[in-house]
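Peer 1: The primary structure of each chain is shown beneath.
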Amino acid sequence: MEFSVVISYFPRLLDGAWVTFQLVLLSIVLGAIFALPIALARISSSPLVRVFPFLYIFFFRGTPLLVQIFLVYYGASQFEVVKESIFWPILREPFWCAIIAFTLNTSAYTAEIFRGAIQAIPVGEVEACKVVGMTRVQMYRRILLPRAFGIVLPAYGNEIILMLKGSALASTITLLDLTGMARTIIARTYTPIEIFLAAGVIYLVISMVIIAIFKQVEKRQNRYLGPINVKVPDKG
Amino acid sequence: MIDLHGFGDQLLQGAIITVELAFASLVVGLILGLLGASAKLSSIKVLQWIANAYTTIIRGIPELLTVLIIYFGATSVLMSVASLFGYDEYIEIGAFTAGVTALGLTFGAYATEVFRGALQSIPKGQHEAATAMGMGKVRKFYRIILPQVWRMALPGLGNLFLVLLKDTALVSVVGLDDIMRKANIAVSTTKEPFLFYSAAACMYLILTIVSMVAVHYMEQKASRGIKRA
Amino acid sequence: MKMKKFAVTSLIFAGAAMTSLSVQAADKVKIATEGAWAPFNFIDDSGTAQGFDVDIAWALCEKMKADCEVVTQDWDGLIPGLKVRKFDAIIASMSITEERLRVVDFTNKYYSGGLRFLGEKGTSFDLDNLDGKVIGAQRATLGAQYLEDNFTGKADLKFYDNQDNVYLDLLAGRLDIILSDELPTYNWLKSSESGEKFEFKGDAFQKNDEIGIAVRKGDKLKAKFDKALEEILADGTYATINAKYFPFSIY
Chain A
1 MEFSVVISYF
11 PRLLDGAWVT
21 FQLVLLSIVL
31 GAIFALPIAL
41 ARISSSPLVR
51 VFPFLYIFFF
61 RGTPLLVQIF
71 LVYYGASQFE
81 VVKESIFWPI
91 LREPFWCAII
101 AFTLNTSAYT
111 AEIFRGAIQA
121 IPVGEVEACK
131 VVGMTRVQMY
141 RRILLPRAFG
151 IVLPAYGNEI
161 ILMLKGSALA
171 STITLLDLTG
181 MARTIIARTY
191 TPIEIFLAAG
201 VIYLVISMVI
211 IAIFKQVEKR
221 QNRYLGPINV
231 KVPDKG
Chain B
1001 MIDLHGFGDQ
1011 LLQGAIITVE
1021 LAFASLVVGL
1031 ILGLLGASAK
1041 LSSIKVLQWI
1051 ANAYTTIIRG
1061 IPELLTVLII
1071 YFGATSVLMS
1081 VASLFGYDEY
1091 IEIGAFTAGV
1101 TALGLTFGAY
1111 ATEVFRGALQ
1121 SIPKGQHEAA
1131 TAMGMGKVRK
1141 FYRIILPQVW
1151 RMALPGLGNL
1161 FLVLLKDTAL
1171 VSVVGLDDIM
1181 RKANIAVSTT
1191 KEPFLFYSAA
1201 ACMYLILTIV
1211 SMVAVHYMEQ
1221 KASRGIKRA
Chain C
2001 MKMKKFAVTS
2011 LIFAGAAMTS
2021 LSVQAADKVK
2031 IATEGAWAPF
2041 NFIDDSGTAQ
2051 GFDVDIAWAL
2061 CEKMKADCEV
2071 VTQDWDGLIP
2081 GLKVRKFDAI
2091 IASMSITEER
2101 LRVVDFTNKY
2111 YSGGLRFLGE
2121 KGTSFDLDNL
2131 DGKVIGAQRA
2141 TLGAQYLEDN
2151 FTGKADLKFY
2161 DNQDNVYLDL
2171 LAGRLDIILS
2181 DELPTYNWLK
2191 SSESGEKFEF
2201 KGDAFQKNDE
2211 IGIAVRKGDK
2221 LKAKFDKALE
2231 EILADGTYAT
2241 INAKYFPFSI
2251 Y
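Protein chains in written order, with this note's numbering: chain A, 1 to 236; chain B, 1001 to 1229; chain C, 2001 to 2251.
Fair warning: there could be bad hints in the mix.
[Claimed, not checked] The list that follows gives simulated cross-link-like pairs (lysine-lysine, DSS-like), each with its CA atoms no further than 25 Å apart:
| no. | chain 1 | residue 1 | chain 2 | residue 2 |
| --- | --- | --- | --- | --- |
| 1 | B | 1191 | C | 2224 |
| 2 | A | 83 | B | 1124 |
| 3 | C | 2201 | C | 2224 |
| 4 | C | 2244 | C | 2227 |
| 5 | C | 2207 | B | 1191 |
| 6 | C | 2028 | C | 2220 |
| 7 | C | 2227 | C | 2028 |
| 8 | B | 1124 | B | 1140 |
| 9 | C | 2121 | A | 83 |
| 10 | C | 2224 | C | 2063 |
| 11 | C | 2207 | C | 2121 |
| 12 | C | 2065 | C | 2244 |
| 13 | C | 2201 | C | 2190 |
| 14 | C | 2121 | B | 1191 |
| 15 | C | 2063 | C | 2201 |
| 16 | C | 2133 | C | 2065 |
| 17 | C | 2220 | C | 2121 |
| 18 | A | 83 | C | 2063 |
| 19 | B | 1137 | B | 1045 |
| 20 | C | 2197 | C | 2109 |
| 21 | C | 2065 | C | 2121 |
| 22 | A | 83 | C | 2227 |
| 23 | C | 2065 | C | 2190 |
| 24 | C | 2217 | B | 1191 |
No lab work stands behind these hints, which were simulated from the structure alone.
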């Protein structure tokens, strides 16, 4: 083992980690935005509305992310129609292809998490909203979505970590994310174990930071569930 | 079977490898999961510590990286361990073994949590009742605890298996001839990425559906005892 | 009991996994090639490795009277794999370079290469001003190294897992220029439909590029390979294999 290569290439690994960070952040934000309407459509009372999100979620959760990323990057660019369309400047870039694949993938998973959370809210609360005369929009905006947000947090934190780990696949379409950078370094130093281990440690640190952040947010969001400090007046 | 420019058979062979890899990893993962959960619930601090380190590390590192590290690194580690015992021959870690190890480790780390939850959900009274009836530790575990843990863990394990099934695609990166690598080879010859990656996606979907049906059937079987008339 | 049956089948699979953990016999030579570098090495639709490199490998084995096995391994895993003894030799059109010589030994050359740029017909570029151009090459190749050393910051460089993906992205229009070994690209231009739209740009350079067989440092296999190489060059076996792929000598 020659761990001196790790030290000399560490700055480049950090460059890679920065790309990884951008990939994960963008996909997670875009994924959550897409996931909300998908989740709401998924619990619609009309079977016709329900079937599309069902198929969408089924496809993206039932196939490997690696297949999805290759389909977007190499598959789509096979067609002249795509190359002549206005989307080509975006689809031309591996970075945006990765973002598209990751966003589609994570939105399917996130939609299921959102659906579970919305359905986990007791019926009584929905009924209470109706009784006080809230409209549907008001009910979702004021009660259901904020409540769902609190319920969703632990599962959502997991999904972000899964996305962080999945983002390593960006290296297969020429992106120099943390894994891609590691592979490029190894192409010159031929020290796979040392460099991969170093990259592994960086991933581990990032995921631990994410976990810590979520623990804090969870604490804040669900603070009403904690012990209530009500001063009980002394019995006189 | 569908011809796919002559690569249909190759893809099917790849599917067999994918299924073999998934099942072998499942066995390794289930064992590791049970061990991990027992360690986490044990009163011995060192065991708890090891199990926690195991699940934290594995769950924080990309599966792709785990596969790569084991493929390139396990040989040297194993050989240096083996030489401590006086064994100096070369030990080979093929793509399949590396894949089983990496995916088994990953499955085991997540299964540890599933099993832990299931083990903890068994009321203390049942332990006491079994002991009162004169069962030994092993018999109690085998007759009373395991069947119940199995029932409660099944939904969670089923989900993990679906994740595992998809993760097998990563082992193609170290040259295992699974569905994904066969698709890559076909693409390199035919220059038809859309066709072959779609075909691969369909094969994974079929495997997913079959697994879901199987898990559903097993869940019904496992919970037949608690169904009310 | 269904569970028991399930456990038994799973154990069989686990057993199958263990068999690949085997001890290697001493006289066996395991040769690795890439399988994505036509016509030198590629995988046909029956899943077997074919090509110039593979033919040379078998010819050498016959002379060495060795019990050989040819396996395929992705390009950037070849040297790491050799180092950890996953195989004993690499016959995969690998150039003999200083960087590689630091980690492995090479036999004498078995053919010569050279680098050449390639681009779409009717386009041109100026090597001194590549601003905005996207150049692709396979990761961990001579071409990639040359680009990294000479064009980092001067052009947008993209490196791929294998040459086929470089071609795919050239066809897709993501790449303006590719840099690769002249001979396989020559083959691609000649033999594939899609090659018609592209042409070599400029002359080949780094013509002193020698392709050798990589073995582990200090391995006695090197001498055996060198001897066998001399034999196939002398008795015409080499010329026959050469003629099968190229109408001119590539030695």
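Peer 1: Under the criterion that the straight-line Cα-Cα distance not exceed 25 Å, is the pair residue 2065 of chain C, residue 2190 of chain C satisfied?
Peer 2: violated, 36 Å
Peer 1: Checking one constraint from the list: CA of residue 83 of chain A to CA of residue 2227 of chain C, max 25 Å. Satisfied?
Peer 2: violated, 53 Å
Peer 1: For a C-alpha distance cap of 25 Å, please report whether residue 2063 of chain C and residue 2201 of chain C respect it.
Peer 2: violated, 40 Å
Peer 1: Below or equal to 25 Å on CA atoms is what counts here, so check residue 2121 of chain C against residue 1191 of chain B.
Peer 2: It holds: about 20 Å lies between the C-alpha atoms, which stays within 25 Å.
Peer 1: Is the hinted pair residue 2028 of chain C and residue 2220 of chain C satisfied, with a Cα-Cα distance of at most 25 Å?
Peer 2: Holds, because 13 Å separates the two Cα atoms, which is no more than 25 Å.
Peer 1: With the threshold set at 25 Å, check whether the alpha-carbon distance from residue 1124 of chain B to residue 1140 of chain B stays at or below it.
Peer 2: Holds. Residue 1124 of chain B to residue 1140 of chain B sits at ~13 Å (cutoff 25 Å).
Peer 1: Given the hinted pair residue 2201 of chain C and residue 2224 of chain C, is their Cα-Cα distance within 25 Å?
Peer 2: violated, 40 Å
Peer 1: Can you confirm whether the C-alpha distance between residue 2227 of chain C and residue 2028 of chain C stays at or below 25 Å?
Peer 2: holds, 18 Å
Peer 1: Given the hint that residue 2207 of chain C pairs with residue 2121 of chain C, does the C-alpha gap stay at or below 25 Å?
Peer 2: At roughly 24 Å apart (the allowed maximum being 25 Å), residue 2121 of chain C and residue 2207 of chain C satisfy the hint.
Peer 1: Are the Cα atoms of residue 2207 of chain C and residue 1191 of chain B separated by 25 Å or less?
Peer 2: Answer violated: residue 2207 of chain C to residue 1191 of chain B is near 30 Å, above 25 Å.
Peer 1: Decide if the proposed pair is consistent with the structure: residue 2197 of chain C and residue 2109 of chain C, CA atoms, cutoff 25 Å inclusive.
Peer 2: The hint is violated at about 33 Å.
Peer 1: Starting from residue 2121 of chain C, check that the Cα of residue 83 of chain A is at most 25 Å away, please.
Peer 2: holds, 18 Å
Hints 1, 2, 3, 5, 15, 16, 17, 18, 20, 21, 22, 23, 24 from the earlier list are contradicted by this structure; the remaining hints agree with it.
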